[in-house]
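Once you have looked at the hints, place chain B on chain A.
Each protein sequence line maps, in turn, to chains A and B.
Just so we're aligned: the first sequence equals residues 2 to 483 in my numbering.
Just so we're aligned: the second sequence equals residues -17 to 233 in my numbering.
One should not assume that every hint holds.
[As the list claims (entries may be wrong)] Going by beta-carbon spacing under 8 Å, a handful of chain A positions derived as facing chain B: (1) GLN438; (2) SER442; (3) ASP445; (4) LYS456; (5) LYS460.
The set of hints was computed from the structure by calculation and includes no laboratory data.
Keep in mind it's a predicted model, so treat the numbers as computed, not measured.
Glycine included, every Cβ here is placed at the ideal spot set by N, Cα and C.
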Amino acid sequence: MSASTQEINNLINQEYKQGFVTELETNTFLPGLDESVIHKLSKIKNEPEFMLEYRLKAFRHWQTMKSPEWAFVKFDSIDYQAISYYSAPKRKEDGPKSLDEIDPQVLEAYKKLGIPLDEQERLAGVAVDAVFDSVSVATTFKGKLKDAGVIFCPISEALRDHPELIKEYLGSVVPITDNYFAALNAAVFTDGSFVYIPKGVRCPMELSTYFRINAANTGQFERTLIIADEGSHVSYLEGCTAPMRDENQLHAAVVELVAMKDAVIKYSTVQNWYPGDKNGLGGIYNFVTKRADCRGENSKVSWTQVETGSAITWKYPSCVLTGDNSVGEFYSVALTNNYQQADTGTKMIHIGKNTRSTIVSKGISAGKAQNTYRGLVKVLKSAENARNYTQCDSLLVGDQCGAHTFPYIEVKQPSAQVEHEATTSKISEDQLFFCQQRGLSAEDAVSMIVNGFCKEVFKELPMEFAVEAQALLGLSLEGSVG
Amino acid sequence: MLSIKNLHVSVGDKPILKGINLEIKPGEIHAIMGPNGSGKSTLSHILSGKSGYTVTEGSATYQGKDLLEMPPEIRAREGVFLAFQYPVEIPGVSNVYLLKAALNSIRKHHAQSEVDAMDFLTLVKGKVRLLEMDEKFLYRAVNEGFSGGEKKRNEILQMAILEPKLCILDETDSGLDIDALKIVSEGVNSLRSPDRSFVMVTHYQRLLDYIKPDFVHVLAHGQIVKSGGAELALELEEKGYSWLEDAEASA
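This is chain A alone, in the form it adopts within the complex (with noise of 0.2 Å):
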């Protein structure tokens, strides 16, 4: 073993820094899941009829689903009467009102975890609807975006106070039949955010939802309904963490976007889930649907993410390019390490004319990870002059990981333009060898050349996310040199 592997696996064995239970009274329902939970649920969240109604339709539809198997990943099946699918942090009365009611603990993990809410507060300028296991504990800045007119709150409080908007487009984009764990979500989904701009708006910050898993056995079924109206403009920023834990946790949220005619939608994600230890044990199962529509002429959304957490990552964000002229763009960098596994990629379906798209996949591997690009680039027969174009670049560190890459491409309008390009590429000992013989450690090496590889999808972000992002990469890859 040259010196290099063993530095290594050294640098790989490192803990997860972020690893630590917030020790809070919760309101937990006991496992297990039938109608008689749903109606459970529903009622504690004092949902209005018509949501029972649909969750118990996803339900019974969920009930004759199978668990797919298509994806490069690999876990044991997942009993779902073994997960609690309710817990809420106790509240006071009806809750807080500020960031002073918020209890203390929870401050403190946002702190541990850098995102002090206070700071946000009064230096970012960022609306923070935090999700805190499964309710939303502290919503700020609401004034400002009312007086914009933007609603941005959590969903549970939509549903009660804007139902028609609800009604009208709560699994437009993600019906309850379309997968397995969507339906699944239907059926039991706690919170999560809404948004709705209105017509002409520009969203006057960034919006931004901090989740976070933190009871033990809790599948987390977030949803997320992101609604810009025609010519509005929105930047939304979702950032995760979650604490050390030995069981794996099912995470399995929706995000659905419609981007009305001339309508902007940013979405950007840095994910950093607990991946599980360095043998693999416990991490978050993160089986995600998240599907834009660009439903008017000339919208265009655009979904970054940054994903270094969690066990599994399956997840596809992907944008519907239904209206003339619309634009969807994926700009991903997955990062795994140990035995992380990766299945992630976009799909874009293109339907109405002129509309473009744009992929950027950026895939590291490192320790005994798998990480996997799987894409469809889809254009309809009613798609004329459709383009395309994809860059799927993997990375690996060291030699026992996997980099793969299934682009699926379908054309039925002979009109379009399909671009795909890939490659794959290894951290070499003389690139490390270069930096260190420059001063730089080996870590931090492995970072900036990382960072490096991804430069394309970071210059995406938004800058304070961006930071964060490379600040992620370099503690997701401590450790991973080769």
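Chain B only, in chain A's frame:
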């Protein structure tokens, strides 16, 4: 500055260096010459800390410290600089970013504060002019798409900015046309100082026309078979290496 005593180095089971002795004092320029396969590159690699080599015997002391014990980045921070024969490309990482990260890691090692962004740019731009490089180089990815000459000049630029004490030039002249060779040599000459030493590893004498060494050592079969002044290089140019190798074989 550097004292190498009876250094034996192997790659796997194969001995490459078989008892090197070398004393380098501050301000001196030593040229290491020799035919292919004589161990020249191994010597520059072992001094700069590249992995894959085993020291089986002997020592190398740098400024009173055991050089061979130090990890490569510590050697770099202590002032050992290797100008690579084949500088690597690092896509997406700009030259200026690497330079700043490198300079700061060295400053930190010496308990100095990080260099101010403006001061850094002033420093770098001055050095860029010195080496007759285009400022655009700074913002291009490290060595990516550089010509052979540009890569070597980039190495010298890094040397000029990091201001090492012991500079090892590994076949810096290889792949350079005569104009590039002049520019690189001028760059090196401008860095000569009484407290900076150079080890130039080269196959050909032509580099020594531009950078005049104080000492020339001939390496053959893993040993220094002859040492002398600058005139030895000329003799080698004339006679080739075989007479020395033969002499060694018959000795």
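> Would the hint on A/LYS460 stand, with a C-beta cut-off of 8 Å toward chain B?
Replying inline: violated (10 Å)
>> Given a cut of 8 Å on the nearest C-beta pair, is the interface hint for A/SER442 held or broken against chain B?
In response: holds (5 Å)
> Is the hint on A/LYS456 kept, meaning its closest Cβ partner in chain B is under 8 Å away?
Replying inline: Since the shortest Cβ distance to chain B is 4 Å, the answer is holds.
> Does A/ASP445 pass the interface check with chain B, least Cβ-Cβ distance below 8 Å?
Replying inline: holds (7 Å)
>> Tell me if the interface restraint on A/GLN438 is satisfied: Cβ within less than 8 Å of some Cβ in chain B.
In response: Status holds, d = 5 Å.
Hint 5 alone, counting from the list given before, is not met by this structure.
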